[in-house]
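Asker: Once you've looked at the hints, dock chain B against the given chain P.
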Amino acid sequence: MSMRGPFAAIVAAAVLSGVSLAAHHSFGGTYNVDRQITLKGTIVQLTLRSPHSFVYIEVTDEGGAAQRWTIEGASAQQFAQQGFDKDAFKVGDPVEIVGNPSRSPNSTRARLIKITRTTDGRTWGSRAGEVVN
Amino acid sequence: MTRLRLAGLLFVLAVVASHPVSVQENSPIDLTGTWRWLPYEDERDRTPGAYPGDYRGLPLNDAARMRADTYDEEWNATSPLLQCRPRGPQYQAKGLDPMRIDQVVDPVTRNLVALRIVYEKTPGERMIWLDGRPRPSAYALHSWDGFSTGRFIGDTLEITTTHLKESYVRRNGVPASFRATVIEHISLQEQFLEWTFTVIDPDYLTEPLVRSATYVRAPTLQLPLYPCQPEEYQPGERYRVPHYLPGDNPYLTESAVKYRMPQEGTRGGAETTYPEWQATGATLVPPKEQYAYKPEYTDASTRIAERADAQPARAPAYDRVETLHVAGNVYVIAGGGGNIAVSAGGDGVLMVDAGAAAASGRVLDAIGQIVRTLRVPDPPEAASPYSNTWLSTHAPAEPAIRFIINTSDSLDHVGGNGAIRKSPMFRVLGYRNPSLSLQVLAHQAVQSRLAEPATAALAPTDTYASDRYTLYRFFNGQAVQLFHAPNAVTDGDTMVWFRRSDVIAAGDVYNSDIYPPIDVDRGGSIDGVIEALNRLVDLSVTEFMSQGGTMIVPGHGWMGDAADVGLYRDMLIVVRDRVQGMVDRGLTLAQVKAAKPTMDYDPMYGRQRGATARFVEAVYRSLAEKKKS
Numbered sequence: 220m221s222m223r224g225p226f227a228a229i230v231a232a233a234v235l236s237g238v239s240l241a242a243h244h245s246f247g248g249t250y251n252v253d254r255q256i257t258l259k260g261t262i263v264q265l266t267l268r269s270p271h272s273f274v275y276i277e278v279t280d281e282g283g284a285a286q287r288w289t290i291e292g293a294s295a296q297q298f299a300q301q302g303f304d305k306d307a308f309k310v311g312d313p314v315e316i317v318g319n320p321s322r323s324p325n326s327t328r329a330r331l332i333k334i335t336r337t338t339d340g341r342t343w344g345s346r347a348g349e350v351v352n
Numbered sequence: 188m189t190r191l192r193l194a195g196l197l198f199v200l201a202v203v204a205s206h207p208v209s210v211q212e213n214s215p216i217d218l219t220g221t222w223r224w225l226p227y228e229d230e231r232d233r234t235p236g237a238y239p240g241d242y243r244g245l246p247l248n249d250a251a252r253m254r255a256d257t258y259d260e261e262w263n264a265t266s267p268l269l270q271c272r273p274r275g276p277q278y279q280a281k282g283l284d285p286m287r288i289d290q291v292v293d294p295v296t297r298n299l300v301a302l303r304i305v306y307e308k309t310p311g312e313r314m315i316w317l318d319g320r321p322r323p324s325a326y327a328l329h330s331w332d333g334f335s336t337g338r339f340i341g342d343t344l345e346i347t348t349t350h351l352k353e354s355y356v357r358r359n360g361v362p363a364s365f366r367a368t369v370i371e372h373i374s375l376q377e378q379f380l381e382w383t384f385t386v387i388d389p390d391y392l393t394e395p396l397v398r399s400a401t402y403v404r405a406p407t408l409q410l411p412l413y414p415c416q417p418e419e420y421q422p423g424e425r426y427r428v429p430h431y432l433p434g435d436n437p438y439l440t441e442s443a444v445k446y447r448m449p450q451e452g453t454r455g456g457a458e459t460t461y462p463e464w465q466a467t468g469a470t471l472v473p474p475k476e477q478y479a480y481k482p483e484y485t486d487a488s489t490r491i492a493e494r495a496d497a498q499p500a501r502a503p504a505y506d507r508v509e510t511l512h513v514a515g516n517v518y519v520i521a522g523g524g525g526n527i528a529v530s531a532g533g534d535g536v537l538m539v540d541a542g543a544a545a546a547s548g549r550v551l552d553a554i555g556q557i558v559r560t561l562r563v564p565d566p567p568e569a570a571s572p573y574s575n576t577w578l579s580t581h582a583p584a585e586p587a588i589r590f591i592i593n594t595s596d597s598l599d600h601v602g603g604n605g606a607i608r609k610s611p612m613f614r615v616l617g618y619r620n621p622s623l624s625l626q627v628l629a630h631q632a633v634q635s636r637l638a639e640p641a642t643a644a645l646a647p648t649d650t651y652a653s654d655r656y657t658l659y660r661f662f663n664g665q666a667v668q669l670f671h672a673p674n675a676v677t678d679g680d681t682m683v684w685f686r687r688s689d690v691i692a693a694g695d696v697y698n699s700d701i702y703p704p705i706d707v708d709r710g711g712s713i714d715g716v717i718e719a720l721n722r723l724v725d726l727s728v729t730e731f732m733s734q735g736g737t738m739i740v741p742g743h744g745w746m747g748d749a750a751d752v753g754l755y756r757d758m759l760i761v762v763r764d765r766v767q768g769m770v771d772r773g774l775t776l777a778q779v780k781a782a783k784p785t786m787d788y789d790p791m792y793g794r795q796r797g798a799t800a801r802f803v804e805a806v807y808r809s810l811a812e813k814k815k816s
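From first to last, the protein sequence lines are chains P and B.
Note that the numbering used here has the first sequence beginning at 220, numbered continuously upward.
Note that the numbering used here has the second sequence beginning at 188, numbered continuously upward.
Chain P extracted, bound-state conformation (with noise of 0.2 Å):
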């Protein structure tokens, strides 16, 4: 699916609901919308905060080294509406993560589109449709 779809379809709700969106920094030139990148990892850290929520994820690179990476989403009151709220995921959760990555060189930092808990196979997901569940 294009990303056009489901950011109407926010900007759209937003609109109904009487919520503005929002995206102090602007997403797509932050990110690179056209790709996905998939992480494993461990939750170290959950911020759910405005502008933006972040969820730290510690994961171990092919060298076996710990890296820590930033995957930003929107607002703690936009998670809130879409039933992402602090007891949806729990630091040490080990989670699965799709994401855009940043269209920076080197950076590690992503887009949340989708997260996992592979324990439970918890999910929240950003795309049209998708909630916890």
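Hints are computed from structural coordinates only; laboratory data are not their basis.
Wrong hints could be hidden among the right ones.
[Stated by the list, open to error] Only pairs whose alpha carbons sit at most 20 Å apart, straight line, appear in this in silico DMTMM-like list of lysine to aspartate or glutamate:
no., chain 1, residue 1, chain 2, residue 2
1, B, K445, P, D253
2, P, K305, P, E315
3, P, K333, P, D304
4, P, K305, P, E349
5, B, K475, P, D253
6, P, K305, B, E419
Answerer: Showing chain B alone in chain P's frame:
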């Protein structure tokens, strides 16, 4: 007939007198209430954001193109100073935010004084002053919303805004200068609010940029809370400024491919915004896939520094010395050489720097003005050991300058030392023999450098030599701390922190609108300035959403806060990295100057004669000498 006319006139007067005075309207249209943006314009631009390199519709110059071409949006995402940066009026109308507009009415006259606009994501209230008040001093703080005045022209509200911080007109790095003026026109069409906003930017636009947005009344809408809380620095990201070196951005053709447009059209420029350009565009072929685009910059904005250098040399007149209140009991005297921060209160006057020698008379007049119009400060806490001093010496009738702290040995900062020490106002604290008392304090390097006979009268009487020094006593109810900035503009730079007022006098390591005057021969270096600015940012706090809080008195220019210092520091990091790349490739100084590594920043910081060449040379020399060592 005469009687009839008289009777008629009396009748009319009687009718008028029998009716109540007609109601006076305070504005021709009612803008008050809550409004919601209708997002049917520029959807891609607004959400999720324009592609890198997409400058369609913008009358930008080459300096703006170069800023945007080398911009990496991750900079905006990783800097805590920028994540909560509010949108200024250069962009706010397209900012998605709902807003509320209220009237501010004078409680005595009941006249409409201002309109108050609160956006969802705003650090405070944006005031549109309608009472004809003058604009603030050129040395006043700039803010994200700026200073706005308004007037009604028929049924349209016209707003003029200046004193803006550096911001953007598109969220892919197209900048808006701190010199920009924004003119807004707001009118009503039934329940719709039509908002046209025009950015006039002498630094980055060749023509006014006119855009519009539509809002609809939303009377039951309550503005959501917006507790903007930025992400902290991640490991390895503190002081990192993501950016591309000129020619290295791989995304500059992305929008041309995706929109199937000629690359020339995506580059923007005033000519591309007129219908006549369609004929030109029709002859150009859109790229089928992205390629390594190497932009060239040739327009008039590339010659800002040359134009500045062509101006005739003029001795400064110092004929417009101004005083401003900064915060707490700290004031600034501007226009007499380097800025002078002044703490004035019951203990007397402490000056940070003394300005240029030729301005001393006006500086002393300004100190007299500050002291005579001193705002009575809040009483100190009972625990203060200096309460008695405060009570007995509060608001002295005559100004008493107790001592001077110098931030460097530059003559526009120390030139006035001699005249001020000779002034009857200079009445030191301490021993009966004034020569034994603290009079002028600076880093040891300043004293050593001024020890020559020609400048000995300007030299500090006392020095410190460590990385920080705290004044031996509270002064005017607060601690005063000095921080040495090693090898910054010179080897003797000092920043002075008034802790209770929360004001830092930065000296020349931070100047709001000129490059730092780094002098490599006096021990200065670009890395030292960046390090000093990192420290300045770390010492400072902002009130909310990257604005206010700690006030920074720059060496020259208008007052700033941590966000201003952060933007300035980031500019220096970008320039440093560009020149470093050239040094690494073995380019000579002449080749580096010819490559114009500061071309995109020169409109903002290079308008002083000779400043750009000196700055580039200083950056080059400090990096080249580091490479040798």
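Asker: All the hints need checking, so say for each whether the structure fits it.
Answerer: Here is how each hint holds up against the structure:
1. B/K445 <-> P/D253: 11 Å, holds
2. P/K305 <-> P/E315: 18 Å, holds
3. P/K333 <-> P/D304: Measuring from Cα to Cα gives roughly 15 Å; hence the hint holds.
4. P/K305 <-> P/E349: Judged against 20 Å, a Cα distance of about 18 Å means the pair holds.
5. B/K475 <-> P/D253: 16 Å, holds
6. P/K305 <-> B/E419: Distance of about 19 Å is within 20 Å: holds.
Hint compliance for this structure: no hint is broken.
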